[in-house]
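Trainee: Here is how the chains run, residue by residue.
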Amino acid sequence: MNILDFNKLSLRDINKVLQESDKNSFFSIRNPKGSHALAVGINKQITVKVIGSVGYYCAGMNKFSDIKVEGSAGPGLGENMMSGNIHVTGDVSQYAGASGHGGSILVEGNASSRCGISMKGVDIIVKGNVGHMSAFMAQKGNLVIFGNAGHALGDSIYEANIYVAGEVASLGADCIEKKMTKKHLSKLENILSNANVSDYNLDTFRRFGSARSLYNFNVDNAKIY
Amino acid sequence: MKKNSITEPRTSHTFDAYTNSEIRRAAETGIYDIRGGGSKRNLPNFDDLLFLGASISRYPLEGYRESCNTKVILGDRFSSNPLNLEIPITIAGMSFGALSAQAKEALGRGASLVGTSTTTGDGGMTKEERGHSKQLVYQLLPSRYGMNPDDLRKADAIEIVVGQGAKPGGGGMLLGQKINDRVAEMRTLPKGIDQRSPCRHPDWTGPDDMEIKILELREITGWKVPIFVKVAGSRPYYDVALAAKSGADVVVVDGMQGGTAATQEVFIENVGMPTLACVRPAVRALQELGLHRKVQLIISGGIRNGADVAKALALGADAVSIGSAALIALGDNDPRYQKDYEKLGTTAGSFDDWHEGLDPAGITTQDKKLAKRLDPKLGGRRLANYLNVMTMEAQTIARACGKNDLRNLEPEDLCALTVESAAMAGVPLAGTNWIPGT
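First to last, the sequence lines map onto chains A and B. Quick note, the first sequence lines up with residues 27 to 251 if you use our numbering. Quick note, the second sequence lines up with residues 590 to 1027 if you use our numbering.
No lab work stands behind these hints, which were simulated from the structure alone. Keep in mind that this is a model prediction, so the values were computed, not measured. Among the hints, a few may not be true.
DMTMM-like, lysine to aspartate or glutamate: derived pairs with alpha carbons at most 25 Å apart [stated by the list, open to error]:
| hint | chain 1 | residue 1 | chain 2 | residue 2 |
| --- | --- | --- | --- | --- |
| 1 | A | Lys153 | A | Glu134 |
| 2 | A | Lys89 | B | Asp739 |
| 3 | B | Lys780 | A | Asp92 |
| 4 | A | Lys70 | B | Asp739 |
| 5 | B | Lys780 | A | Asp200 |
| 6 | A | Lys59 | B | Asp798 |
| 7 | B | Lys961 | B | Asp923 |
| 8 | B | Lys883 | B | Asp994 |
| 9 | B | Lys743 | A | Glu134 |
| 10 | A | Lys204 | B | Asp783 |
| 11 | B | Lys723 | B | Asp964 |
| 12 | A | Lys166 | B | Asp770 |
| 13 | A | Lys75 | B | Asp739 |
| 14 | B | Lys629 | B | Asp994 |
| 15 | B | Lys813 | A | Asp39 |
| 16 | A | Lys89 | B | Asp798 |
| 17 | B | Lys813 | A | Glu134 |
| 18 | A | Lys89 | B | Glu774 |
| 19 | B | Lys743 | A | Asp200 |
| 20 | B | Lys743 | A | Glu46 |
Please build the complete structure, drawing on both the sequences and the hints.
Mentor: If you want it as C-alpha cells, here you go:
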C-alpha cells in the first residue's frame, strides 16, 4: 500500500502518481482537507482510499479504478466517469455523477440537488435522500434512491431508470411512475449486488422513467416546454 | 362618372412582407421558426471602420518585400504545450451531427494545410476530424454529449463553452431528422428524437466553480494543453474578466453574427450584441487585469475577409475564429445548387434551414447521398485557399499601416464611418477626433 499525504505532497504530485501508477496498485490518501479535483482522470485499474472529506470533482472522469472516500464529497463527485466504482461513506454535494457514462457510485449518506444530472449510463445508489432536480435530462443508467427524492425528480428524462424506496416530493416534466416488472426487479437486484449492497427490500422500490412525450416537438406541449 | 385618383398601395415598415409571412407561418404551425446561422440584421459591423494607412507621419512597409508576421501563440499562460498557429484565424466549433463527417474532415484538412486549428462541437470528437486536424480544440459543452477523457487527452486544447453569440443564455438543438444511428450513439440518445442541449453546465455555475472546473481539466490533462473559455457577446467586459480570473488561457468572445446549427429565429435576432461592440470591452477587461496579450483574446461572429481580421486585431484581439464563412468556402449556399434550394423553398444565399438535414451542398446534413456531394479533399483545399487569401489581405492592410506583425495593428490605425460604430469600436469618427462616449 502506498501512502500519499497532503501534508507532504501537492495536489499535482498526488494526481500524477495516481495517473501514472501501475495497474492493481493500492493507494491511501491522507489529510485531503477538502481538496478539489483529487484522483481525477485515472485511466487504469487501481484502488484508492481517501481518508477524510474531499472537495469538488473527486474521481472526475474516472475510468477503471475503485475509489473510496471515507468522509463526504463536494460537488461533481465522479462527474463524467466512464467506468470503475466510487464509494463515499458520508454525504455528497450537488451534481454527483453528472453526465457519467458508466461504472457505479455508492453514497451511504445523502446526495444534494441534481444528483445524476445528464447521466449517460452510470449507476448511482444513494442510501439516503436526494435533492431537487435529480436525474435531470438523465439519458441512460440507473439512479437508485433508498430515501426520499426532492422536487422535479427526473425532469426531461430520456432512457434512464429511477428507483425510489422513499417518498417523491414531485416528478419533473415527462417523468412518470412505471410498472416494476420482473425484469426491472432483477436489474435492480444486480445493480445493488454489484455495489455490494445487501440490506434492502426490493418490494419497497418504485420505478420512474420517461413518458417519452417530449421526445419530438409538439405545440400542444407548449406549456411544459 | 369621373373616377377618383387612387393612391399607390402603401406597405408597412412595421408589418413588412417578411414579418407578415412569419405571422402567417406561426399561425399555421404553432411552432416558432428555427433556423441555422447568425443574425441577418443590418448590424453595425467591421465595414463601418476604415484603416487610415500610412503617409508622411507614418511610413508603410513594402508589400511582398518586407515581412509581416501572422503567427500567434494561443494559451501560454499556464499550459506547457500552447497552440502555435501560422495564422491568426481559427475554425470555430461546429459539431459532427450538425455537420456531415465529410464537412468535419474538410475543415480539418483545410485548417491543417495553413497551420491553424479547428474545433469540435456538441457531440464529441470524430476520428475524421482528429485524424485530419493537426491542431484540434475539444469543446466541453453543457450537454457533455460524447465527452470522454480519452478524447480529452487527445486534444491540443480544451474549450469550455459557456455561451454562443447566436444564442447567449440558450442551449443547443438538433432535430430528429439529423439524429441518425452514429449521431445517436455518440450522444447516447434514442435515434430520431429532437435533441436539446442544456444551456448550463451540469456540474458548475458561476466563476468560482469554473475556476475549480478548470483546475480539474488541467489535472486530468497534466497542465499540458491550453484551456479556452468561450462566451457569447453579451457582457464582454465582465465575462472576459471573470473567465480570465477563473484561470483561462484564452477567451473566445462570439458576437451575435456568429452562427449556430439551429435555434429560434427570435433568439438569433434579438439576444446578444454585434461583434463590433464586443471587442473593446473585452480588451479593456484584460488590460485592466494586466492580462492583455497574456490571456489571448479570440473574436468571432461574422468575420468574412482579411479586412475584418485586421480590424479585429487592430482593436486588440489576438486572433479571430470563423464558422459560417468556412462553410461558405466549402460550398454552403453555392449558386450551383440553386435549383435544389428552390425545391426547398429558398434560394442560394438564403438557405438557413440547416436543422432539417436537407442541405443540397452536403454540409449540414447526415443524409448519405447529400453528404457525398462534398469532397473532403477538395473542400479542404478550398478552405485553405480562402484562409490564405484572408491572411494575405490582412497583411496587405497591416503593411500599408507600417506594421510588421498583424498584432501591431492598433485602434489608432482606424477611423469610423458612423457615430454608432465610433462609439462601439472606440475609434474617432472619420475626419474628427471625436470618440462618442469618451
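Trainee: If any of the earlier hints don't hold here, list their numbers in rising order.
Mentor: Hints 3, 9, 14, 17, 19 contradicted; others consistent.
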